[in-house]
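J.: Protein chains in written order, with UniProt numbering: chain W, 1 to 117; chain U, 1 to 117.
Errors might be hidden in some of the hints.
Since the list gives no way to pick out one identical chain from another, each pair is judged satisfied if it fits inside one copy or across any two copies.
Said to hold, decoys possible - DSSO-like, lysine-lysine: derived pairs with alpha carbons at most 30 angstroms apart: (1) Lys24 with Lys89; (2) Lys89 with Lys79; (3) Lys115 with Lys64; (4) Lys46 with Lys89; (5) Lys26 with Lys89; (6) Lys38 with Lys115; (7) Lys71 with Lys115; (8) Lys5 with Lys115; (9) Lys71 with Lys26; (10) Lys71 with Lys24; (11) Lys38 with Lys71.
Worth flagging that the hints you see were computed from the coordinates, not collected in a lab. Note that the coordinates shown come from a computational prediction; the quantities given were computed from them, not determined experimentally.
Number of protein chains: 2
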Amino acid sequence: MYEKKVIPNLNCGLDLIGEVLYGKWKIRLLWFIHQGHKRPSELQRKIPDASRRVLNMQLNELEKHELITRKIYPVVPPKVEYSLTEFGKTVIPVIAALGQWGDEHEDRLRDVILKSL
Amino acid sequence: MYEKKVIPNLNCGLDLIGEVLYGKWKIRLLWFIHQGHKRPSELQRKIPDASRRVLNMQLNELEKHELITRKIYPVVPPKVEYSLTEFGKTVIPVIAALGQWGDEHEDRLRDVILKSL
DNA sequence: TCAGATAGGGATAAATTTCTCCCTATTGCA
DNA sequence: TGCAATAGGGAGAAATTTATCCCTATCTGA
Numbered sequence: 001m002y003e004k005k006v007i008p009n010l011n012c013g014l015d016l017i018g019e020v021l022y023g024k025w026k027i028r029l030l031w032f033i034h035q036g037h038k039r040p041s042e043l044q045r046k047i048p049d050a051s052r053r054v055l056n057m058q059l060n061e062l063e064k065h066e067l068i069t070r071k072i073y074p075v076v077p078p079k080v081e082y083s084l085t086e087f088g089k090t091v092i093p094v095i096a097a098l099g100q101w102g103d104e105h106e107d108r109l110r111d112v113i114l115k116s117l
Numbered sequence: 001m002y003e004k005k006v007i008p009n010l011n012c013g014l015d016l017i018g019e020v021l022y023g024k025w026k027i028r029l030l031w032f033i034h035q036g037h038k039r040p041s042e043l044q045r046k047i048p049d050a051s052r053r054v055l056n057m058q059l060n061e062l063e064k065h066e067l068i069t070r071k072i073y074p075v076v077p078p079k080v081e082y083s084l085t086e087f088g089k090t091v092i093p094v095i096a097a098l099g100q101w102g103d104e105h106e107d108r109l110r111d112v113i114l115k116s117l
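Whenever a hint applies, use it, and build me the whole structure from the sequences.
T.: See below:
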């Protein structure tokens, strides 16, 4: 694993939430798990643009940050299921607020993003 | 400037808001501008951990995405003020929700983040 | 018997973001 | 006269994140 060389600052709420949600796919992972897509392979199919590797890495971080738990079923072929922890569930409304704002301003956002590319 | 080689996907609201808010300091910039810290030098003092260069770059992007406007006063030494656009103002409640969640779970977050380092 | 599904890690490359250092310009102040 | 404040861009390095490719293992079904 890559080891950080710069220590993050954890001064305010925005710093703190940033540390746990900042990652290209983390918010989406939480959202899909919330919607009931729990198995790694399902998540990978839901987010085909992300490489399997990064999804695993980000899932590991979410687990370390206690937002999700990972349950391994001792079967073959292997089966793993992720679930939101109670703590993780508390962040879902915030993610919903993000998504809602994005949806409400969909056309304008698409427009300004494409213009700025 | 660096030119993107991977086209972002803009399928859902989460993708869209991600495009405009994803950046190490963008959320904080919007928040401080919202609080009335409008001049670049003020913002730099508010966010001393960010290099001046990156703040300028992220401010430029926020402006391109129409979340803020930049007003130049023709005086010497130069004076510039950023303000939220009407569009930018609509995202403030979402940022407030992020910060509030971070504040509410401050202790736990600090704990899990430090443990995972 | 061989391909595919399942889960995931290691090594390495590529992409992206952020940082550092340097340069431009003008005014006021010591 | 020389330095600080103001605003900000260029070049190149460093840090960080994400992608690619390859390997392990076992069972099911064609």
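J.: Each hint should be assessed against the structure and marked as holding or not.
T.: Results for each hint:
1. With identical chains, the CA atoms of Lys24 and Lys89 are at most 30 angstroms apart both within one copy (20 angstroms) and between copies (25 angstroms).
2. With identical chains, the CA atoms of Lys89 and Lys79 are at most 30 angstroms apart within one copy only, with a shortest distance of 23 angstroms there and 45 angstroms across copies.
3. When the C-alpha separation of Lys115 and Lys64 is checked against a cutoff of 30 angstroms, the pair qualifies only between copies, where the shortest distance is 8 angstroms, while the shortest distance within a copy is 38 angstroms.
4. With identical chains, the CA atoms of Lys46 and Lys89 are at most 30 angstroms apart within one copy only, with a shortest distance of 20 angstroms there and 32 angstroms across copies.
5. In the homo-oligomer, the alpha carbons of Lys26 and Lys89 lie at most 30 angstroms apart both inside one protomer (14 angstroms) and across protomers (25 angstroms), since each shortest distance falls under that limit.
6. Within a single copy, Lys38 and Lys115 get their C-alpha atoms only as close as 36 angstroms, which misses the 30 angstroms cut-off; across copies the closest is 25 angstroms, which meets it.
7. For the identical chains of this complex, Lys71 and Lys115 are inter-copy neighbours only, at 21 angstroms across copies versus 44 angstroms inside a copy, given an alpha-carbon limit of 30 angstroms.
8. In this assembly of identical chains, Lys5 and Lys115 lie within 30 angstroms of each other by CA distance solely across copies; the values are 16 angstroms between and 35 angstroms within a copy.
9. Taking CA atoms no more than 30 angstroms apart as the test, Lys71 paired with Lys26 passes inside one copy only; the shortest distance there is 19 angstroms, against 36 angstroms between copies.
10. Within a single copy, Lys71 and Lys24 get their C-alpha atoms as close as 24 angstroms, which meets the 30 angstroms cut-off; across copies the closest is 32 angstroms, which misses it.
11. Only within a single protomer do Lys38 and Lys71 lie at most 30 angstroms apart by alpha-carbon distance; the minimum there is 10 angstroms, versus 48 angstroms between protomers.
Checked against the numbered hints above, the structure violates none of them.
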